[in-house]
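Q: Each chain, letter by letter, is given below.
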Amino acid sequence: MFVSLPSAKQVVVLRIFILALVCIVAFATRLFSVLRFESVIHEFDPYFNYRTTKFLVSEGIYNFHNWFDDYSWYPLGRIIGGTIYPGLMLTAALVHWALNALNFTVNIRNVCVLTAPLFASNTALATYLLGKEVENEKTGLVAAALIAIVPGYISRSVAGSYDNEGVAIFALIFCFFLWVKSVKTGSLFWSAMCALSYFYMVAAWGGYIFIINLIPLYVLVMIFVGRYSHRLYVAYCTLYVLGTLLSMQVSFVGFQPVYSSEHMAALGVFVFLQVYGGIRWISNVLPPDYFRALFRIVFLTVAAAAGVAFVAASVTGYVAPWTGRFYTLLDPTYAKAHIPIIASVSEHQPTTWSSFFFDLHMLTFMLPAGLYYCLKSATDGNIFIVMYGVTSVYFAGVMVRLMLVLSPAACVLSAIAISNALRTHMTHIHSPPADKTTGKKGAADTVVPYQQEISLAIVLGITALLVFYTFHCTWVTSEAYSSPSIVLAARQHDGGRIIFDDFREAYYWLRQNTPEDAKIMSWWDYGYQITAMANRTVIVDNNTWNNSHIALVGMAMASDEEISYKIMRSLDVDYVLVIFGGLVGYASDDINKFLWMVRIAGGEHAEIREEDYFTPQGEFRVDREGSPILLNCLMYKMCYFRFGSILTEHGKPTGYDRVRNTEIGNKDFTLNHLEEAYTTEHWLVRIYKVKSLANRG
Amino acid sequence: KVLFLILLSLSITSLAASFENVQINRKVVLKGKYVSVDISCKLRNIASGQKDFFVHAIHKNFSDNLVDILPVSKRKSVLKVVRQPDSSKSSHFIQYQIHFDRPLDKDESIDLTIKELYKRRLTPIPKAIKLREAQNLLFEDTLYYPTIYPTLMQKLVIELPAPHKLVKQTGKVKAEGTKELSYGEIANKVFEDEKLQIIYEDNKPLPIFSEVVRELEISHWGNIAVTESYVLHNQAAKINGEFSRVDYQQIKYNPMMNEMIGRNIIKDLKIKIPRMAYGLWYRDVIGNVSSSHATKDKASIYWEVIPRFPILGGWKDEWQIGYNLPTKYYLKVNKEDNEQTVLNTSFLHPFTDIIAEKYTLKIILPSGASNVQYTKLPFELDNLKMDSVSSYLDLQARPVLVFEKKNAHSFHSKNFQVIYDVDMLTRIEKP
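From first to last, the protein sequence lines are chains G and X. Quick note on numbering: this note's numbering labels position 436 of the first sequence as 436, and the sequence is numbered without any gaps. Quick note on numbering: this note's numbering labels position 255 of the second sequence as 255, and the sequence is numbered without any gaps.
If we strip away everything but chain G, and leave its shape as in the complex, we get (with noise of 0.2 Å):
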């Protein structure tokens, strides 16, 4: 078939081949999680999205923009129009109505689900188009290819992971594209374009800072090292303007890109790069002289007078300081010391070698020698991606959750590398060595003995490469990405496969069987599947912009149960839910987050202090030798009520933990003011009733 087409059209077809098979592979690859459990949302934040996403379809773009969700953060409430970014919903809502005015019933579960790996295959689109407009096609095919399967990207982004992020990589990735393309051309119609895609990716997620700080800092440099041109002129100044008011529709955003922090290095730019045109014009007309005595006068004051400025907006608040997040970029300890709460969140821990490796296999060498390509001849394009990796792979050191970042970074640098060495290499194997002697300009060509065979082994130990990073990128994203965390399944002893399903046992039995006002309390992790599964009020959920109410929920479950009773009495709860691994040994159960509650609660409320929690040797057990305090906390009480009765393990005493391996140390207590109101049958999820005031008299 290819044999009867001219040889370019044979490539513009392999190419769509290619390209069409990298976009099914992308798809695919994320499908092991609806096909081994089913079409379900995963984790904590997509069910919130999800939630959204069913009330903006069901209710519409308005209803959806000012509602006010009294079900969450009780009794404070959220306005949830205001407090989220929408690109993910409207876009699978988009999807839905679409299919449905088709009349191809899909329901809006479904099309959640499935947003993420679509997206998949949109971003490796994107990056064939980043990586051909960065070095050339084949680098875009081999990013393209690479992309499809990196596990740091397929972690946010497999079926029923439907959170901000499987978006907004495609669109971080597409407006890099159309950045580097305005850059290259000089072209308002790319520059508005990359704004709008700037824009859709503000509308999708909070990581739009990166953009409006990675391209200003590129801006920069490419000023100093003496790159400027008017093309990068015209791009950023129409992205930045287009950018910035665009960003601001959206009403979470708001009027932060005129006075946060994180902003003002990209206002900076924008100024500095009005200030070196103008200053290079003058330069051109002015003899050298005068210039530069000139300079230095306007040059110092306006510095001066700059640094003043900020210093006073600062201080007096109208520029709005630096969030604890953005913070914890810049230095990592600092959550550790001052922010409990966002410390407390695996995904903001600072990332260890061997998920570098885990996440990224090969690309985490194949990357600087993508870099040393790179800048061995640096153009425009070349120096964004070179940028772009640095920066995220600082970034993703930093915060585990940041791989994603770097993983496209990788990919593109790595295919640069690859396609590079591949081509080098591949022509060596086909030209013999005679003909170079004779041939073209190189005589140190020559000097390379066995240049054929250097290259065959170099060619083959490339492709075994690839081969090895294929099987693992689909090992991990089989054995550890593709777990709805909701369902969870076990090994048993003959084999066979156990499915806990204790998760949506009890939050369904709360929708059945409490009644409709009630209010659950629970910790704040478990808020938005109890919203969204259970349909029930919660006290706090995932989303922390609050830490003294989180601080109180805290102090709840860390005080004795009078203590607590009143707590509870005073925030209205009906009903406390812990999550307890000790039966069935799991692992990330309340009792093992409970250290952060104790953490949290002590950061707001002086009576609860983390080293009564801890033994005199500064230990943290739940045997005999647990501190008191510890073991008649209601958390301890509620996880271990009746447990002290249960043989758990063979030869073992009642009441053995199998998750902290250890025989607990208060077994016989009653509760005064709670009852036992459910327990899953893994007692996974426990539930308890806070009991009315007794009757007087």
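Sample of chain X residues lacking proximity to chain G, with all beta carbon distances greater than 12 Å (derived):
1) Lys-42
2) Ala-47
3) Ser-63
4) Asp-64
5) Arg-75
6) Tyr-96
7) Asp-101
8) Glu-133
9) Ala-134
10) Glu-140
11) Thr-142
12) Gln-169
13) Ala-175
14) Ile-199
15) Lys-335
16) Lys-385
Between beta-carbon pairs, the in silico distance windows are:
17) G:Phe-68 / X:Leu-395: 37 to 45 Å
18) X:Ser-40 / G:Val-106: 54 to 62 Å
19) G:Arg-36 / X:Gly-177: 53 to 61 Å
20) X:Gln-340 / G:Phe-104: 28 to 36 Å
21) G:Val-106 / X:Phe-416: 28 to 36 Å
22) X:Gln-249 / G:Ser-692: 23 to 31 Å
23) X:Leu-377 / G:Ala-694: 52 to 60 Å
24) G:Ala-28 / X:Arg-275: 29 to 37 Å
Quick caveat, the hints were computed from the structure, so don't treat them as lab data. Virtual Cβ for every residue (Gly too), placed ideally from N, Cα, C.
Since the structure of chain G is already known, use the hints to place chain X on it.
A: Relative to chain G, chain X alone:
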């Protein structure tokens, strides 16, 4: 005018006294999930002429609980029941006309059996019990047979689950067996509103569906997709205090010793679906429910539907189940008229032994189906309408036949046919 009034009053009295109940044997069965009353009666026409129907009375207190009246004549034919239009006039009763299969002559007598089925007539007392406590149920009825006619002889027997444990009862019991209470023969009595109360121990769960929707979507590509959604309530005694998992799971580890625990809990439901069914699924609004089993034999698939959580008294659960049926066993194309297709299906859902208070059967026909008919069902429907729905890239909406029936129960588990025409062209265009 005076004459007219006299005539009118005469006619009323003559209606009231147009029959007499020669012998009434009333048996109240409390063994099952619901209360059923079997009345065998001998009726005599004492009016001056032929009669087409007689009036059967249901006490007002229980009229809301009434599910169905099924009168059967000696010749085993089901008789027609019509609610008397002016029945609100009577102080005690809601009246129904039961039409004979042939007119009854003067002084002729007839033997009939009338089966009444009631829902929600067993109330737990006390309303809430502990997990290990026994459940007592309260049953109320009238001591005498409710009727507008004079009764010559009547007998009442109450059948309890054996061995029965009676807690309390009002009324003079003549004989008390291991499984029944007999109230002896009472002669020559006009109806008197005297209450009968029985409280007895019975630990069964009391399930009832408040709503069931069954949907059959026919595709001429070889598949009938069945989707059924249920809302199940357990009317048994609520739990007093905590639901302790420790206590509850002892049933599993030591079923003999701990049969006292939670006996009024619905743990699973067993249904039977056609053997040819495939692709079974069971889910609710938040996802798959993984706890169920199905086994197969030559005739049927036995499906054990286990809810996510045990349904205690006062609790409820909602779920959907579904499966596919191959069309070759259920769709027949008329040999003479190739365009006519006949669908054979059961009217009722497979949980036949549980009453569905609001039952809807939707049959979604292929797009372009016309001339829709169905064979007559041996009972009245509450509502029947045509609707339409579009799905799966339809260009033309699909007609939907919607049957609605209040209080559907095992009696309505009847097969019937839906007949419709689809011309060959539309069949090719979109099956």
